[in-house]
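Generate coordinates for the entire structure from the input sequences, incorporating the hints supplied.
Position 25 (the sequence shown) corresponds to 25 in my numbering; numbering is contiguous.
No lab work stands behind these hints, which were simulated from the structure alone. Treat the numbers as computed from the prediction; the structure is a model and nothing was measured. All C-beta atoms, glycine included, are put in the ideal place defined by N, C-alpha and C. It is possible that some hints are incorrect.
Label-pair distances were calculated between CB atoms; the ranges are [stated by the list, open to error]:
id	residue 1	residue 2	range
1	R59	P159	32 to 38 Å
2	L81	N126	35 to 41 Å
3	L81	E123	17 to 23 Å
4	P58	P139	21 to 27 Å
5	P127	E62	30 to 36 Å
6	A57	G79	16 to 22 Å
7	E151	P56	29 to 35 Å
8	N61	P128	35 to 41 Å
9	N160	S63	21 to 27 Å
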Amino acid sequence: MIRSIVKSSSFKLIAPQLQPRSLKFRCLHNSIPSYAKIEPSVSSKTLDSHEVRLEPAPRPNESIENKRARLLWQSRKRGILETCVILGKFAQEYLPTLSVEELEDYDKFMNENDWDIYYWITETENPPKPCPEFWKTRPVFEKLKKVGRNENNEIMRQPNLY
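Printed below as a string of structure tokens:
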């Protein structure tokens, strides 16, 4: 059946229409967006020799309850399973009792790179990027490292939401 279709004269009429066409694209943006800052920062991606950091959206009127809910979600939905498990466990144990200042610190910490977070929390000896001194002095970081140490040798998994 297929051979008869291919050999038919109607296929010869359609064949020229099936030829590939070149597509033209036009670049609408040729510069870095205005919300990006080119400067060294705590958390950034390297683009050639420049440091680029996209700042998170400001949330000036966010209530404490909404912030806790957002941080719980962000703790559980990371890009790396190991980081999800550690931050999810931290959120389950500490998030309901964190002070406003600690919540602000944790919110800033969540903007760091996933692998950096994992290396810093698990206290890896030679991480690719050393932990900034700012985080070493924060109380929330000490709590994160305590969860990362897993002193009770628990089998860690993503905690249930309820």
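Evaluation of the provided hints:
1. Distance hint check: the CB atoms of R59 and P159 are about 25 Å apart, inconsistent with the given range 32 to 38 Å.
2. For L81 and N126, the Cβ-Cβ distance of about 22 Å falls outside the hinted range of 35 to 41 Å, so the restraint is violated.
3. A hinted range of 17 to 23 Å for the beta carbons of L81 and E123 is consistent with their spacing of about 19 Å.
4. Separated by about 24 Å at the C-beta atoms, P58 and P139 satisfy the suggested range of 21 to 27 Å.
5. For the hinted restraint 30 to 36 Å between P127 and E62, the CB-CB distance of approximately 31 Å keeps it satisfied.
6. Taking the beta carbon of each, A57 and G79 are about 19 Å apart, inside 16 to 22 Å as hinted.
7. Between E151 and P56, the C-beta spacing of about 32 Å keeps the proposed range 29 to 35 Å intact.
8. Against the hinted window of 35 to 41 Å, the Cβ-Cβ separation of N61 and P128 comes to about 37 Å, which satisfies the hint.
9. Range check, N160 to S63: Cβ separation about 24 Å, and the 21 to 27 Å hint holds.
Violated hints, in rising order: 1, 2; the structure is consistent with all others.
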